[in-house]
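Colleague: As a plain string of letters, each chain reads:
There are 2 protein chains.
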Amino acid sequence: MNTIEVCFTPKLYSEIVTKENFIVVMADILRASTSICAAFENGVEAIIPVASLEEAKAYKDKGFLVASEREGIVTGFADFGNSAFNFMTEAVKGKTIAYSTTNGTQAIEMARNAEGLVIGAFSNISILSQWLIKQNCNVVILCAGWKNKFNLEDSIFAGALIEKLKYSPTFTIACDAAEAALDLWQIAKPNPLAYIQKAAHHERLRKLNLDDVLEYSFQFDTANVVPVLTDGVLVNSY
Amino acid sequence: MNTIEVCFTPKLYSEIVTKENFIVVMADILRASTSICAAFENGVEAIIPVASLEEAKAYKDKGFLVASEREGIVTGFADFGNSAFNFMTEAVKGKTIAYSTTNGTQAIEMARNAEGLVIGAFSNISILSQWLIKQNCNVVILCAGWKNKFNLEDSIFAGALIEKLKYSPTFTIACDAAEAALDLWQIAKPNPLAYIQKAAHHERLRKLNLDDVLEYSFQFDTANVVPVLTDGVLVNSY
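In order, the protein sequences belong to chains A and B. For what it's worth, this note's numbering labels the leading residue of the first sequence as 45, then goes sequentially. For what it's worth, this note's numbering labels the leading residue of the second sequence as 45, then goes sequentially.
Keep in mind the hints are simulated off the structure, nothing from the lab. Don't take each hint at face value.
Identical copies carry no separate label here, and so any pair may be met within one copy or between two of them.
Claimed, not checked - Here are the computed lysine-lysine pairs in the DSSO-like style, where the Cα-Cα straight-line distance is at most 30 Å:
hint : residue 1 : residue 2
1    : K233      : K104
2    : K242      : K63
3    : K233      : K210
4    : K208      : K242
5    : K104      : K63
6    : K242      : K178
7    : K208      : K191
8    : K104      : K191
9    : K104      : K137
10   : K137      : K55
11   : K55       : K178
12   : K210      : K137
13   : K55       : K139
14   : K191      : K63
15   : K191      : K55
16   : K242      : K210
17   : K55       : K242
18   : K233      : K101
19   : K101      : K139
Work the whole structure out from these sequences, hints included.
Modeller: Here is the structure:
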């Protein structure tokens with residue numbers, strides 16, 4: 045049997061029970077993982093995740109396209125921010141993009157010790173779950189969270205993914221966080237967008253200027269891609 | 045308005061948003077907070093929370109009664125472990141007990157920077173919520189968790205307490221973790237014991253030798269006490 049575990053924030057990543065033969069699914073629904081999936085669906089060749097703005101600037105100076113934001117605001121030198129819609133233009137097709145965000149890329153950095161790292165979003169959830177079942181590996185779903193805190197959107201995504209993995213008899217839930225994520229998803233499932241909007245009165249989501257990307261972020265299977273970290277660069281492995 | 049925030053594990057305590065004028069409710073349902081409430085209900089005078097076994101041993105040498113366990117096992121020198129039933133004897137009435145547990149007392153140590161610290165359990169939930177409403181303070185519910193990981197029992201307690209605090213118009217939910225706790229409680233509420241038993245196949249709960257204290261731990265209002273930390277010692281403030 046392979047285990048499924050959920051880590052609600054990067055700060056809890058060092059506490060995961062699974063110690064070997066595991067793939068990390070990084071989930072930052074608002075917005076890095078949704079945007080990365082959109083990018084590959086729209087023909088981006090590769091994405092270089094960079095944790096610091098200094099590195100992002102260095103890639104810019106080398107001639108790469110750079111997507112970069114902090115707390116929802118595009119940083120000065122970047123070509124664009126991290127809305128999924130930014131990655132749906134002709135300008136990005138076939139390109140390699142250096143990408144830095146508040147939570148997402150930092151979570152990717154943290155999980156480099158795993159056997160593999162893949163990006164998960166509602167937009168690639170079905171393809172991703174099929175791919176994970178084929179890998180015959182333990183799975184740790186790493187929620188990017190918000191500044192090391194628990195957030196609802198990444199947690200209900202974890203629950204939705206667990207629901208799909210459970211169709212395979214090879215998986216077993218290995219921690220209370222995974223049980224909780226699955227339960228939260230049962231509440232959110234009838235209308236994930238409405239569910240998440242109850243958190244929208246919090247300062248966090250107001251600051252993100254989410255507008256219509258919010259709706260897109262909770263649509264299933266709009267991107268048939270499996271972005272996998274390979275030699276430090278994300279490429280589509282589907 | 046006063047805020048309600050939930051911290052799912054001590055490791056996330058440094059990330060809480062509320063920075064001043066807050067009371068921490070420490071919840072370690074299995075078993076420290078349930079046992080502490082039982083102790084005061086049964087006439088214990090005071091409880092000295094100690095984080096390390098070395099300190100517990102020092103109190104023992106000074107002639108105090110000592111309750112101490114690690115991972116559900118009574119430590120060698122202690123008078124008893126941390127089952128609530130251990131505190132329901134004639135021997136403890138009027139006594140001051142030094143108390144050290146795996147998760148609970150360490151969470152208490154961590155929250156000493158707050159305006160106040162109070163112990164929360166299902167057994168004192170109604171009295172506690174009335175007391176909290178009177179304090180006119182922000183509230184941070186600190187789940188002791190399990191070895192820095194999220195656990196279901198402390199999280200559904202957080203949700204149950206939030207439900208009661210929400211009867212007061214002076215409180216507002218301030219983070220996604222509190223929203224999630226409240227939602228998990230809605231699922232668990234019809235039968236909290238059955239809900240928690242779905243986690244019972246995990247190694248964690250098997251190790252605890254919970255037997256019949258499990259049922260007691262999810263009963264409401266069996267202890268009309270409000271254990272408050274005062275000068276480093278827990279006393280009943282009801």
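Colleague: Indicate, hint by hint, whether the structure satisfies it.
Modeller: Evaluated hints:
1. K233 <-> K104: neither (40 Å within a copy, 53 Å between copies)
2. K242 <-> K63: Between. Shortest inter-copy distance 23 Å satisfies the 30 Å Cα cut-off; intra-copy 36 Å does not.
3. K233 <-> K210: both (16 Å within a copy, 25 Å between copies)
4. K208 <-> K242: The answer is both: 25 Å in one copy and 19 Å across copies each meet 30 Å.
5. K104 <-> K63: neither (37 Å within a copy, 38 Å between copies)
6. K242 <-> K178: between (36 Å within a copy, 27 Å between copies)
7. K208 <-> K191: Both: 28 Å inside a copy, 29 Å across copies.
8. K104 <-> K191: Within one copy only: 26 Å inside, 43 Å across.
9. K104 <-> K137: within (17 Å within a copy, 71 Å between copies)
10. K137 <-> K55: neither (35 Å within a copy, 42 Å between copies)
11. K55 <-> K178: The answer is within: 29 Å in one copy meets 30 Å, while 34 Å across copies does not.
12. K210 <-> K137: Answer is neither; intra-copy 35 Å and inter-copy 51 Å both fail.
13. K55 <-> K139: neither (33 Å within a copy, 40 Å between copies)
14. K191 <-> K63: Answer is both: 25 Å inside a copy and 16 Å across each meet the 30 Å cutoff.
15. K191 <-> K55: both (9 Å within a copy, 14 Å between copies)
16. K242 <-> K210: Intra 28 Å, inter 16 Å, cutoff 30 Å: intra and inter.
17. K55 <-> K242: both (25 Å within a copy, 26 Å between copies)
18. K233 <-> K101: neither (40 Å within a copy, 51 Å between copies)
19. K101 <-> K139: Within one copy, since 17 Å is at most 30 Å while 65 Å is not.
The structure shown violates the earlier hints numbered 1, 5, 10, 12, 13 and 18.
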